[in-house]
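For reference, the chains in residue letters:
Number of protein chains: 2
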Amino acid sequence: MFLKILKVVNTYFRRYIVGMLILLPVLGWSQDEDVKMIRNIYDEALKNGKAYGWLDHLCKHYPSRIGGSDIYVRAANHMKDVVNEIPSVSGILQDCETEYWYRGSKEEAYIVAPSGKNVPIQVLALGGSIATPEKGITAQVIEVQTLEEVEKLGRSNIEGKIVFFNRPMDATKIRTFHAYGGAVDQRVHGPSKAAEYGAVACIVRSMTTLTDEYPHTGVTVYKNKDTQIPALAVSTLDANRISDYLKTGSVTAYVKTDCQSLGMRYAPSVIGEIKGSEFPDEIILVGGHLDSWDVCEGAHDDGAGCVQSVEVLRILTSIGYRPKRTLRCVLFSNEENGSAGGRTYADVSNANNEFHMAAIESDAGGFTPRGFRFEADTSVFKKYYKKVNEWLPLLESYDLQFYTGGSGADVSHLRSQKGLLIGLAPDSQRYFDIHHSAKDGIENVNQRELELGAAAMASLVYLLDNYGIK
Amino acid sequence: MFLKILKVVNTYFRRYIVGMLILLPVLGWSQDEDVKMIRNIYDEALKNGKAYGWLDHLCKHYPSRIGGSDIYVRAANHMKDVVNEIPSVSGILQDCETEYWYRGSKEEAYIVAPSGKNVPIQVLALGGSIATPEKGITAQVIEVQTLEEVEKLGRSNIEGKIVFFNRPMDATKIRTFHAYGGAVDQRVHGPSKAAEYGAVACIVRSMTTLTDEYPHTGVTVYKNKDTQIPALAVSTLDANRISDYLKTGSVTAYVKTDCQSLGMRYAPSVIGEIKGSEFPDEIILVGGHLDSWDVCEGAHDDGAGCVQSVEVLRILTSIGYRPKRTLRCVLFSNEENGSAGGRTYADVSNANNEFHMAAIESDAGGFTPRGFRFEADTSVFKKYYKKVNEWLPLLESYDLQFYTGGSGADVSHLRSQKGLLIGLAPDSQRYFDIHHSAKDGIENVNQRELELGAAAMASLVYLLDNYGIK
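Chains as they are written, first to last, in our numbering: chain A, 1 to 470; chain B, 1 to 470.
Just chain A, same shape as in the assembly (with noise of 0.2 angstroms):
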């Protein structure tokens, strides 16, 4: 009967209504209160969900929006644009430069096959990667599994060759981010090894569990200017079919790419905030990195993590939900390579003493969320599991479960504040068929899918402003 009444009182009113009643926890109330939150939060997002339109604008107005790019600024300031159309929430730039490498106009492959046939290859310069001289390099392949096996090879095997590493991503991992963690040492340190022994230049091959023709890039970083040699990622198939070709004799490599370095640009990041009422200090953060690898629109990554964290502000203010903690959105710049935005970020709140009690961070793709990550090597989560485990019932029911790992690139800069550490787990199968790949487009994402994400990360931001960690 008291349910019905308060049915009927708005929605400011219940609140205080409901603040009293989680004095009376006997009577069950404060929970019942949760489960409705929870569902509106839902409705919410399922029936009035922005975030899929947004994403759809943003993969289609702002692709290739690497960080140091203009189109990458306008992406920004379009982005701070949504934020701001939020009521409650004002949206603004946070300065930020970034170096800006620029692929170029022109990367080319082919390898010479014993028979002496030409056979052209796809590939994509590596993020980082320096040009080749404008004849580009020709040069004996020898293929390796491990950066180790470089160094027993030694310089009498490697210089002056093309190293080519091609240990695939073990298939059998059943979350297929443990299977890229342990294949992509190959692309951020290889060439680097490679160029420590003589060689002249690196192909890689993709980081996919997939067998097709696409080349998928990421960020090489080279151990010093001794090491640096040109690298590009080679598509699954290539890669197959060069260990093919070396399996009945010797095989030569061309490969041309003028991309370079183009200095330091602006990229700002675009935070949205909504002050909170009772304990304005105690921040609560969702994100996800605006910037985009150049060979793609960026949809799930990471543009999916950005509407989705700019998603949980407008669907709390939406429901009429008023925070007592600070919430932001902070959609971070070059988290592709350099991880600028996300060190300025939190090298801007230190400097102001702010204390982020926790940050959800959605950079694993738009798919079906399973749960949520917490970052489990620190003190704080120890300290806060207990409390955050009794929300997980309230959770369940929306099939998402808590498991310990990884939080996110961007957010993990802020470990020094001991807040809780936070990553959006979603369903891992589809990630790697796309990742870095021009096939990270709109047309892959889930609308669902991605909303579900979106409804999950609020519900958590309401049960952590709700009742806060301690």
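Derived by calculation from the structure, the hints in this document are not laboratory data.
There's no promise every hint is true.
Which copy is meant is left open, so a pair is good if it fits within one copy or across any two.
[What the hints assert, rightly or not] Below are the PhoX-like pairs computed for lysine-lysine, each with C-alpha atoms no more than 25 angstroms apart in a straight line:
#: 1; residue 1: 247; residue 2: 152
#: 2; residue 1: 47; residue 2: 173
#: 3; residue 1: 60; residue 2: 439
#: 4; residue 1: 225; residue 2: 275
#: 5; residue 1: 173; residue 2: 50
#: 6; residue 1: 117; residue 2: 247
#: 7; residue 1: 47; residue 2: 439
#: 8; residue 1: 383; residue 2: 225
#: 9; residue 1: 47; residue 2: 247
#: 10; residue 1: 470; residue 2: 387
#: 11; residue 1: 418; residue 2: 135
#: 12; residue 1: 135; residue 2: 50
#: 13; residue 1: 60; residue 2: 50
#: 14; residue 1: 225; residue 2: 106
#: 15; residue 1: 173; residue 2: 36
#: 16; residue 1: 106; residue 2: 387
#: 17; residue 1: 225; residue 2: 117
#: 18; residue 1: 324; residue 2: 36
Place chain B on chain A using the hints.
Chain B alone, transformed into the frame defined by chain A:
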């Protein structure tokens, strides 16, 4: 050390050592062996999986395999051959007859908007529908949301009209099957209900949460000979348009279909079997249905369930597992419009006094498996729940959960045998995007997701076989 020795003996021999180890549960070796066996199953599925290749062939060579069609019979013979290629599995066809409903060669529709303009609409006759007269049917459209609304409006409002059922699936349901369950009465019983009140034809909003131009067909059931009127699905986009037009004035529709039932035809189910070594009379079934709607490749519905079921037997054979109990994969005929395959199989099984200890159906799409649904409204489930639940930790590390709910339309005919009835529960978010529409093709199936479903089923089959349920 002992485990190290185990690794060097061959798989066949290992089973017997392992058999002895089960007698020593205090040492924990039995659990270790389960962990290894399930790991082997997943490795085999993800490294050497055949399900995706089989499904591609089935979709491209045997699309539109509706029960009763010639192509269905060819598909059944083909899948019998696939089954027989697995060593130790014997494949047969089980005779079955089903009514053959044929779409005909001509279906079309348009509406006459209040402005007088003809607007073509995308339609598909519902399975089982009768034809219109050759010149089609032209009549005024009346929109309703429920079957009850038809009753309430009564004959005076319905007679002579085309009834338009337009209640959308509820997008706020987290599992889309719940949304389907809440809307599909319009398609199954709506036309017959409209006919009771004198309607001349019926159009039904497609069962999908997407708004797009694809009509989704599916079965409609007439209460009796007197309530047969032509019934067609209309795309959600067109449904919205018709509803919009109706807000501005009177709308007339023209519908035409020459679909018809062509009488009883041969439509065999496919059965593959490995005889059990210790308890051959206890049968464990894995199955899906081989028939599909005639407008698609039937990739997710339910080619996926078929190839996964065959793959279960292939995986267990390939890793050298010899089942104690009899394992059967069954590819049922005619699930979509009559369930003759499921009924016939159960009739024959009951006549032979068989006992299906467990029957697992995969008929919810080849998406990432989230777990298994156990049919819980039986005393059987309550009896064995505790034992089955002990296996959950082994499957949780593969991101699988146990749920209660329906098993599957085909295996539910085996209920009287009082074994466990189980359904594979894949992620449901994308299923109704493609369900019963032209979009249900191989291009919308992800290889890893399909393989994980097969591995999940094979793991549960292994546990059921190894431990029984008593």
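Copy assignment of residue 247 with residue 152, given that the CA separation must stay at most 25 angstroms
This pair counts as within: shortest intra-copy Cα distance 20 angstroms, inter-copy 77 angstroms.
Is it within, between, both, or neither for residue 173 and residue 50, if the alpha carbons may be no more than 25 angstroms apart?
between (34 angstroms within a copy, 18 angstroms between copies)
One pair to classify: residue 106 and residue 387, alpha carbons no more than 25 angstroms apart. Within, between, both, or neither?
neither (55 angstroms within a copy, 63 angstroms between copies)
For the identical chains here, do residue 324 and residue 36 meet the 25 angstroms Cα criterion within one copy, between copies, both, or neither?
For residue 324 and residue 36, the Cα distance is within 25 angstroms only inside one copy (18 angstroms; across copies 50 angstroms).
Classify it for me, residue 225 with residue 117: is the Cα-Cα distance of at most 25 angstroms met within a copy, between copies, both or neither?
neither (36 angstroms within a copy, 71 angstroms between copies)
Residue 470 and residue 387: within-copy, between-copy, both or neither at 25 angstroms Cα:
Classified as within; 8 angstroms inside a copy, 39 angstroms across copies.
One pair to classify: residue 60 and residue 50, alpha carbons no more than 25 angstroms apart. Within, between, both, or neither?
Answer is within; shortest intra-copy Cα gap is 16 angstroms, inter-copy 37 angstroms.
Tell me, please, which holds for residue 418 and residue 135 at an alpha-carbon limit of 25 angstroms: within, between, both or neither?
Neither. Shortest intra-copy (52 angstroms) and inter-copy (75 angstroms) distances fail the 25 angstroms Cα cut-off.
Is it within a copy, between copies, both, or neither that the alpha carbon of residue 173 lies no farther than 25 angstroms from that of residue 36?
Between copies, since 14 angstroms is at most 25 angstroms while 38 angstroms is not.
Residue 225 and residue 275: within-copy, between-copy, both or neither at 25 angstroms Cα:
So residue 225 and residue 275 fail the 25 angstroms test inside a copy (46 angstroms) and across (66 angstroms) alike.
Up to 25 angstroms CA-CA - residue 247 versus residue 47, copy category:
This pair counts as between: shortest inter-copy Cα distance 22 angstroms, intra-copy 57 angstroms.
At most 25 angstroms between CA atoms: does that hold for residue 383 and residue 225 within a copy, between copies, both, or neither?
neither (44 angstroms within a copy, 69 angstroms between copies)
Hint check: violations occur at hints 4, 8, 11, 12, 16, 17; the rest are consistent with the structure.
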